[in-house]
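Colleague: If you want our numbering, it's the 1-based position in the sequence shown plus 1278.
Because the hints were derived from the structure by calculation, they are not lab data.
Fair warning: there could be bad hints in the mix.
As the list claims (entries may be wrong) - With a Cα cut of at most 30 Å, we get these calculated DSSO-like pairs of lysine-lysine:
no.	residue 1	residue 2
1	K1337	K1317
2	K1366	K1326
3	K1407	K1326
4	K1385	K1317
No experiment lies behind these values; they were computed from the predicted model shown.
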Amino acid sequence: MLQDVVKIMRDCGAFYLATCDGDQARVRPFGSVMAYEDKIWFCTGNNKPVYDQLVAYPKVEICALQENGDWLRLCGKAVFSDDMDAKKAMFEADESLPEIYGSPEGKEFVVFYLDGLTAKLYHEEDAPKDML
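Build out the structure end to end from the sequences listed, making use of the hints.
Modeller: As structure tokens, then:
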């Protein structure tokens, strides 16, 4: 099922990650996602506000809207990792990353996965379907 969730997210192109910034919600599009070592991983730059927000308050929600109107909601706690193999795998999973971050060894490039992850697929006429 993990691969199914990642496939839905990739097929959507962009998905939206919500964080807290003090008492203000913040939402932004993300596109990089992979399944690796039985977890769903994402990446960002440690020079971006989203990184600071995730460090300060790691609980997040992600929403991905499919063309047919179904949507996927992920909830979990962001856990950052220095695992170089995970960073390299992310670069292999998303060919746009070298242009943005240079290499997996770059100082600004960070990866994270969601601990305690839940994923539900919503369809307007049916009850939500647990995906994980």
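Colleague: Now tell me if each hint is right for this structure.
Modeller: Consistency of the hints with the structure:
Between K1337 and K1317 the alpha-carbon distance is near 16 Å, which keeps this suggested pair within the 30 Å criterion. For a cut-off of 30 Å, the pair hint linking K1366 to K1326 stands: about 20 Å separates their Cα positions. Simply put, K1407 and K1326 have alpha-carbon atoms about 33 Å apart, too far for the 30 Å limit, and the pair is violated. Proposed proximity of K1385 and K1317 is supported: the alpha carbons are some 23 Å apart, at most 30 Å.
When the structure is compared with the earlier hints, a violation turns up for hint 3 alone.
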